[in-house]
Amino acid sequence: MTPKPVSALPLAYCMSLPIAVESTVSSVLIAADYSTVWERITDPTNFLELYPHWTTSVEPEEEDHYRGIG
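Position 12 of the sequence shown, counting from 1, maps to 11 under numbering that gives the first Met the number 0, and the rest follow consecutively.
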């Protein structure tokens with residue numbers, strides 16, 4: 000896949016980028032149904048594995064509430 004230039008990205012995404020950044024767009028195809036994927040990516044206990052550059056820790060505070068540190 001050829002990286003897209005920043006100008007080809009959606010405007011809202013481009014506005015959130017630092018000005019001097021080089022960026023690529025990637026995609027991942029997952030052979031699973033929607034509910035399985037949604038459950039996986041929205042479960043805070045998976046954030047360290049799924050988002051290693053955004054999250055350094057996830058701690059439960061109370062039932063269904065977590066504190067994440069990036």
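Note that these hints are calculated values from the structure, not bench results. Heads up, a few of these hints could be off.
[Unchecked claim] Label pairs and their calculated CB-CB ranges:
1) S26 <-> E60: 17 to 23 Å
2) A30 <-> S56: 29 to 35 Å
3) Y33 <-> W53: 20 to 26 Å
4) E61 <-> L28: 34 to 40 Å
5) E60 <-> A30: 20 to 26 Å
Note that the structure is predicted; figures quoted are calculated from it, not measured. Idealized CB from N, CA, C, for every residue including glycine.
For S26 and E60, compare the CB-CB distance with the range 17 to 23 Å and indicate the outcome. 34 Å, violated
Hint says 34 to 40 Å; check whether the CB-CB distance for E61 and L28 agrees. Since E61 and L28 have Cβ atoms about 36 Å apart, the given range 34 to 40 Å holds.
Holds or violated: 29 to 35 Å for the Cβ distance of A30 and S56? 30 Å, holds
Please test the hint of 20 to 26 Å on the beta carbon pair from E60 and A30. 34 Å, violated
Given the range 20 to 26 Å, decide if the beta-carbon distance of Y33 to W53 lies inside it. Hint holds: Cβ distance 23 Å, inside 20 to 26 Å.
Of the numbered hints listed earlier, those contradicted by the structure are 1, 5.
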